[in-house]
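2 protein chains.
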Amino acid sequence: MIWRMMAALLLSLGVSLGVGPLIIRQLRKLHFGTVIYELGPAHQQKQGTPVMGGLMIALGLLLSQVLLHPFPWRGGWDLGLGLLGVSFLSMAVGFADDWIKAVKKRHEGLTPWQKIAGQVIVAAGFACWCYLHPEIGSRITVPFLHREWELGIWYLPVMTLVVIFYVNSTNLQDGLDGLLGTITVVSSSAWTMVILIGVFLLGWSRDGMTPAGIFSLSLAGACVGYLRFNRYPAKVFMGDTGSMLIGGATVGLAMVTRMPLLLIMVGLCPILSSVSVILQRYYFKATRKFGKDHQGKRLFRMSPIHHHFEKLGYSETQIVSMYAGITTVASIIAVLSLLK
Amino acid sequence: MIWRMMAALLLSLGVSLGVGPLIIRQLRKLHFGTVIYELGPAHQQKQGTPVMGGLMIALGLLLSQVLLHPFPWRGGWDLGLGLLGVSFLSMAVGFADDWIKAVKKRHEGLTPWQKIAGQVIVAAGFACWCYLHPEIGSRITVPFLHREWELGIWYLPVMTLVVIFYVNSTNLQDGLDGLLGTITVVSSSAWTMVILIGVFLLGWSRDGMTPAGIFSLSLAGACVGYLRFNRYPAKVFMGDTGSMLIGGATVGLAMVTRMPLLLIMVGLCPILSSVSVILQRYYFKATRKFGKDHQGKRLFRMSPIHHHFEKLGYSETQIVSMYAGITTVASIIAVLSLLK
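Protein sequence lines correspond, in order, to chains A and B.
Okay, so the first sequence: first residue is 0 according to numbering that gives the first Met the number 0, each after it adds one.
Okay, so the second sequence: first residue is 0 according to numbering that gives the first Met the number 0, each after it adds one.
Looking at chain A on its own, in the form it has when it is part of the complex (with noise of 0.2 Å):
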């Protein structure tokens, strides 16, 4: 299991180093340039940078899957497989989104309703997925108490919503050059203690967790990789492709260790931006229902909250080492509160 972990990591590492300028140039050549949204901060000069970057990723994923899984594969239970499902479904909802946009030259991809109407079928099936697979079903760890919490049928509503919601998060998250790759090395990272707490301290089954092992630090090395090709400034952005993969992958790491509950530090950040997003919607249509002069106010200067930080004046580069931090921070605590 720890050999072909480590053989992961390097193997995504190296895929995504060695990929990315090939990928780059592809999607150059296809015109797949960013359409900068008009209303954003002066990110003008980004117009043009290629998207789908996320494609990087995914491959290291799958090959990582492919070359390393401890055959024989364990059928249609295989958490490598439900993993890779999850993800790459969610990753095709992106995916179609930023080929339309790619295409048509203009800031809308899906209409909201195809986004969401895939979003519910991808969430869906994977939470029965989960919720019949004889190693997961319905019960989720509670953090700090050391005890589990049988969600009964409830699972699957709640856990259809939690992965819509996430991955909606992450998609959120990727605004700035660098951020949502940074973010998610810490937190596959922190998945990947997890499994290890899992595995040699909770008594899980090795051979079952071993894909999951591979996924989640093949996950933390592409994203090391990509990062080469798109800290701050940016030479490619992972479009909705490459956020959606990585909110479907994290979310899957989530649920396949029945850890749900520990998004809520692990995936803080992803969170708070979609929290953000709603405060702000919600706070103008109450001010403007209720407020004195029936003027709609916002709550930050413009959501997701980076771009609120970047109004006041923080550089791209501030705010990912601050996003970096949040979630180190929060992130060892979520694994320390596996321990006794």
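Check each hint, because a few of them may be wrong.
The list cannot tell twin chains apart, which means a pair is met if one copy fits it or any two copies do.
Straight-line alpha carbon distances no greater than 20 Å define the calculated SDA-like cross-link-like pairs of lysine to any residue that follow [unchecked claim]: (1) K296 <-> Q46; (2) K234 <-> V161; (3) K234 <-> L311; (4) K296 <-> Y281; (5) K234 <-> F199; (6) K234 <-> A101; (7) K284 <-> A123; (8) K103 <-> Q25; (9) K339 <-> W203; (10) K45 <-> L58; (11) K45 <-> Q317; (12) K45 <-> G202; (13) K45 <-> R24; (14) K339 <-> L201; (15) K310 <-> L278; (16) K291 <-> L338; (17) K288 <-> I163.
Honestly, the hints are just simulated from the structure, not real lab data.
Take the given structure of chain A and dock chain B to it, following the hints.
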């Protein structure tokens, strides 16, 4: 143990965030600004940035140990005492250096001989302490092989050199905004995992290791807080005060866990910085002596190697991100190397 470690992380984070502005203001008032070395890359705008920001990290380490240590102290063999000893005494050498520079306003602080004499005393003293310690002794763990290596009396000279080499390596590494701080967040998280693996899987004394766990996480937390002020563009530098403190703290963790060999991975970047300086010097001397035209040639545009990357056109934040990625990958492999 776990609660104390979480508390140490948050306490030292809070301390460095809280006292940071006070320390910076105080250092400014005392005119303890950097004097930028004339031959360095174009960093002239950094002239006057206060140094000795490492004091905020020191305060976090000290307070965590004082407030969270599981009393009663275990006398002279307490790991908390040893770790504070090696890190604060290393810091004292750097502090003397910074102090003289600040007062004399020139680049040279202590003479090289004063500096090395101070370091030898600290290093030899700590090596003796470890050698005589009932739970450390002269056996070190060999990663990957899951066995131990008895150094016998050779432990003393070898470890003295390791401490001196590593403390000077972190000192050289501290050359760009946020560089050493970021690396230290990653590496001290890795040492925390090593300690947890030791306690939970390798049967180390839980009570004995608790101060080391507190120490490693308070180092991580303090550095996250410190980066708030040191990330590009830096408002404060840690100075030799900070870099030697971090060097002593890190090599201390490596030695009390009997894993100095893991430093090769977890401390890869500082070590490569030292190696690049040594290579540069010997290559220059060798080409001057044996080269065709007896002109000294340079292997790197500038050493330590992070300045070489700067000269190649990478920005400070890109180099920090690259070093953080390398340290993360190497640290994950280091942690995995202890498992089987």
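Hint check results:
no., hint, verdict
1, K296 <-> Q46, "neither (30 Å within a copy, 43 Å between copies)"
2, K234 <-> V161, "neither (32 Å within a copy, 40 Å between copies)"
3, K234 <-> L311, "between (25 Å within a copy, 17 Å between copies)"
4, K296 <-> Y281, "within (10 Å within a copy, 65 Å between copies)"
5, K234 <-> F199, "neither (41 Å within a copy, 44 Å between copies)"
6, K234 <-> A101, "within (17 Å within a copy, 42 Å between copies)"
7, K284 <-> A123, "neither (31 Å within a copy, 67 Å between copies)"
8, K103 <-> Q25, "within (18 Å within a copy, 57 Å between copies)"
9, K339 <-> W203, "both (17 Å within a copy, 15 Å between copies)"
10, K45 <-> L58, "neither (25 Å within a copy, 42 Å between copies)"
11, K45 <-> Q317, "both (18 Å within a copy, 17 Å between copies)"
12, K45 <-> G202, "neither (49 Å within a copy, 53 Å between copies)"
13, K45 <-> R24, "within (16 Å within a copy, 38 Å between copies)"
14, K339 <-> L201, "both (11 Å within a copy, 16 Å between copies)"
15, K310 <-> L278, "within (18 Å within a copy, 45 Å between copies)"
16, K291 <-> L338, "neither (52 Å within a copy, 63 Å between copies)"
17, K288 <-> I163, "neither (29 Å within a copy, 67 Å between copies)"
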